[in-house]
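Asks: Each chain, letter by letter, is given below.
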Amino acid sequence: MNENLFTSFTTPTMMGLPIVVLIIMFPSILFPSPSRLINNRLVSLQQWLVQLTSKQMLAIHSHKGQTWALMLMSLILFIGSTNLLGLLPHSFTPTTQLSMNLGMAIPLWAGTVVTGFRYKTKASLAHFLPQGTPIPLIPMLVIIETISLFIQPVALAVRLTANITAGHLFMHLIGGAALALTNISASIALITFIILILLTILEFTVALIQAYVFTLLVSLYLHDNT
Amino acid sequence: MAGPETNTQFRLTGIRKYFNSYTLTGRMNCVLATYGGIALMVSYFKSRSKKTPAVKAT
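Going line by line, the protein sequences match chains A and B. Residues in the first sequence are numbered from 1 upward in steps of one, following our numbering. Residues in the second sequence are numbered from 1001 upward in steps of one, following our numbering.
The following block holds chain A by itself, in its conformation from the complex:
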């Protein structure tokens, strides 16, 4: 039983040593590298999933954008698997930590922006002013567009953190409520338990959707800059 609601979000340690790096590396062992032309069922299923996702996600990109295929596929697999593993009871979810999500969002966003400024400087600068803006509004709109550009990585990180953290907290609360209600009223406890099951199903979908949204937004920022 946890001491309080937030113990599942503290950095895990084993015998005083932080093991968060091991936990972050753990999902990679669930994706074995294909070593044969025709692989076993698990590897074939993973290959099919990766092909399906990459075809859909990279269809909009030019040749330059498609060089980011490996990065984008690794990102969606990592975030998806980390989020799903975090739904196991008493596990630690690295994507609940804002530091980790900022560590993913800022370099990826900066990479797309630098790529855009390097290869399409004029278009990247012109992007700060929407076409057809009335003259009196130009300075204000340039400032607003600049602020919205710098907000992008923060929004990316906070979106993922908030969704996963809120979901885990909510499950913890509803689970605690269902347990406490068993001694008070069995029928209400049953309703709460059904709500908990529905919430768990929702959290599974949120885990996958948030991985997709994070990767899709990085892909869109890349598309704007290539």
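FYI, nobody ran anything at the bench for these hints, they're computed from the structure. Where hints are given, some of them may not hold.
[Stated by the list, open to error] Beyond 12 Å from chain B on every Cβ pair, some chain A residues (computed):
(1) THR11
(2) PRO12
(3) PHE26
[Stated by the list, open to error] Listed next, the in silico BS3-like pairs over lysine-lysine satisfying Cα-Cα at most 27 Å (straight line):
(4) A:LYS120 x B:LYS1051
(5) A:LYS122 x B:LYS1017
(6) A:LYS122 x A:LYS55
(7) A:LYS55 x A:LYS120
(8) A:LYS120 x A:LYS64
All C-beta atoms in this analysis are idealised placements derived from N, C-alpha and C, irrespective of residue type, glycine included.
Once you have looked at the hints, place chain B on chain A.
Replies: Below, chain B without anything else, positioned relative to chain A:
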């Protein structure tokens, strides 16, 4: 959104040829002018605060 428009499409003359919100060049120049204006204002107020003493001697 349509592709980058050129000046021949809009027939802009004078200063509007270089500073407008329709062509790629015009938009880029407006953005650079805005950033330049902000930089000038910041440097003006910084140099003014250095010259003006915080407390006047009595």
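Asks: Decide, hint by hint, whether the structure agrees.
Replies: For each hint, the structure was consulted:
no.: 1; hint: THR11; result: holds (40 Å)
no.: 2; hint: PRO12; result: holds (46 Å)
no.: 3; hint: PHE26; result: holds (44 Å)
no.: 4; hint: A:LYS120 x B:LYS1051; result: violated (42 Å)
no.: 5; hint: A:LYS122 x B:LYS1017; result: holds (16 Å)
no.: 6; hint: A:LYS122 x A:LYS55; result: violated (30 Å)
no.: 7; hint: A:LYS55 x A:LYS120; result: holds (25 Å)
no.: 8; hint: A:LYS120 x A:LYS64; result: holds (12 Å)
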